[in-house]
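Mind the numbering: the sequence shown is residues 1 to 422 in our numbering, read in order.
Heads up, a few of these hints could be off.
[Stated by the list, open to error] 30 Å max Cα-Cα, derived BS3-like pairs, lysine-lysine:
#: 1; residue 1: LYS80; residue 2: LYS70
#: 2; residue 1: LYS231; residue 2: LYS201
#: 3; residue 1: LYS199; residue 2: LYS114
#: 4; residue 1: LYS242; residue 2: LYS197
#: 5; residue 1: LYS218; residue 2: LYS242
#: 6; residue 1: LYS219; residue 2: LYS201
#: 7; residue 1: LYS179; residue 2: LYS166
[Said to hold, decoys possible] Using C-beta positions, here's what the derived DEER-type ranges look like:
#: 8; residue 1: THR160; residue 2: PRO417; range: 41 to 51 Å
#: 9; residue 1: GLY418; residue 2: LYS110; range: 52 to 62 Å
#: 10; residue 1: MET289; residue 2: LYS219; range: 28 to 38 Å
#: 11; residue 1: PRO417; residue 2: HIS391; range: 18 to 28 Å
#: 12; residue 1: ILE310; residue 2: ASP132; range: 11 to 21 Å
#: 13; residue 1: HIS391; residue 2: PHE78; range: 36 to 46 Å
#: 14; residue 1: ALA287; residue 2: VAL334; range: 30 to 40 Å
#: 15; residue 1: SER24; residue 2: MET289; range: 17 to 27 Å
#: 16; residue 1: ASP168; residue 2: SER393; range: 39 to 49 Å
Since the hints were made in silico from the structure, they are not lab data. Yeah, the Cβ is synthetic: ideal placement off N, Cα and C, and Gly gets one too.
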Amino acid sequence: MKRNVISIVLGGGRGTRLFPLTYSRSKPAVPIAGKYRLVDIPISNCLNSGLNKILVLTQFNSASLNSHIKNSYHFDIFSKGFVDILAAEQNVENDSWYQGTADAVRQSMKHLEKYDYDYILILSGDQLYQMDFREMLDFHIENGGDLTIATIPVNAKDATGFGILKSDDDGNITSFVEKPGYDMLEGLQSEVSEENKHKGKEFLASMGIYIFTKNILKKMFEEGAGDDFGKDIIPSSIGKYKTLSYQYEGYWTDIGTIESFYEANLDLCQDFPQFNLFSSSPIYTRARMLPPSKINGSYVSKAVFGDGCIIMADKIENSVIGNRTRIDKGSTIVNSYVMGADFYQNTTDIVANDRAGRPNMGIGKYCYIEKAILDKNCYIGDNVKIIGGKHLSDGDYGTYSVQDGIVVVKKGVVLAPGTHIG
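The task is simple: from the sequences and hints, build the whole structure.
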């Protein structure tokens, strides 16, 4: 089946719910699983689906994301494939930045004229899942869809946080409600598998993954359908265009909050994680040419390590340890994500800091860290204790913030020896 597709990955807005991880980077550039960035997920799903014409739309804090894309995705000179950045721009016709997800695509349409495509696949840059888009494309084409929305069955409790679609037995979407209250859920159930029905997952949530037939999307924009896909485009398309629901049965999570980000990363440490890093569909990222990780005298249980780490900790349990992380002797890391470092500290500087009693990059001696996220390039002194939990009040405290009991130490922060948090 002909799948002449161009894929567009939305770079996201300010990402305030992921602060402080998004203080100096966009959501898709946030490190995940110790060695990847969130944007690697949709790009890898595209490449594993045989779709190699990919554009990433950026606007806020885009420098880190631009650098990652430039250094990660290269195709040979004989390939028609690409992963390119399309940055928000002001011009003589439009002096405003993107006003929503649909407006971002609308303003970019003029740049797509040089490409040959029949369908547009629109993806979010901040979700964790593995999906073969060819199956969704075939469904869209076979059923003559104008717009196909990937949906996932959820229960009533989760339904209030999503856009909920109701579909008929043929997959046609008949209604859409954005984040309905409990009192609005009656009658929004859709036909789902027996397994999902048994689990109480009878509501179809939009995954923020869309396939548009090219001419239909152009027509919608010409009609002034609105600036946002969820709030404007989808509701206005129901009953007017053939709008389909493609049910996805696999694992999918939206990385929208610190809590969801934390839980998604720590789930990777389990014996059978919901997101399988060890599948035949690889996650592509920047090739850093780092040495293997070195672990000496540590008790390690349910941990994921990136590359180039030097570990002398006493204990690491249920934690993700990112690239180039250094953890000194006597330290304990539990239920935490340590993002690592962008570079190795000079040996001369390490010796000088040791003599002066200054922290080195990484985690010092005899530290205890639990229920925390340490952003990149942190300098954690000896005998530092960080203990997250519900006993902590949410808020921003300068060098760190607390959300849902999770302590997030900011990028590049220096914590003096003996610092106690929690």
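Each hint tested on the structure:
1. LYS80 x LYS70: holds, 17 Å
2. LYS231 x LYS201: holds, 23 Å
3. LYS199 x LYS114: It is violated: about 47 Å lies between the C-alpha atoms, which goes past 30 Å.
4. LYS242 x LYS197: holds, 26 Å
5. LYS218 x LYS242: holds, 15 Å
6. LYS219 x LYS201: violated, 35 Å
7. LYS179 x LYS166: Measuring from Cα to Cα gives roughly 13 Å; hence the hint holds.
8. THR160 x PRO417: 41 to 51 Å: Between THR160 and PRO417, where Cβ atoms are some 46 Å apart, the hint holds.
9. GLY418 x LYS110: 52 to 62 Å: Holds: the Cβ-Cβ distance is about 58 Å, inside 52 to 62 Å.
10. MET289 x LYS219: 28 to 38 Å: Because 48 Å falls outside the window, the suggested range is violated.
11. PRO417 x HIS391: 18 to 28 Å: holds, 24 Å
12. ILE310 x ASP132: 11 to 21 Å: The hint (11 to 21 Å, Cβ to Cβ) is violated, given that ILE310 and ASP132 are roughly 38 Å apart.
13. HIS391 x PHE78: 36 to 46 Å: Because 59 Å falls outside the window, the suggested range is violated.
14. ALA287 x VAL334: 30 to 40 Å: The hinted range 30 to 40 Å holds for ALA287 and VAL334, with Cβ atoms some 31 Å apart.
15. SER24 x MET289: 17 to 27 Å: holds, 25 Å
16. ASP168 x SER393: 39 to 49 Å: Because 48 Å falls inside the window, the suggested range holds.
Checked against the numbered hints above, the structure violates hints 3, 6, 10, 12 and 13; every other hint is satisfied.
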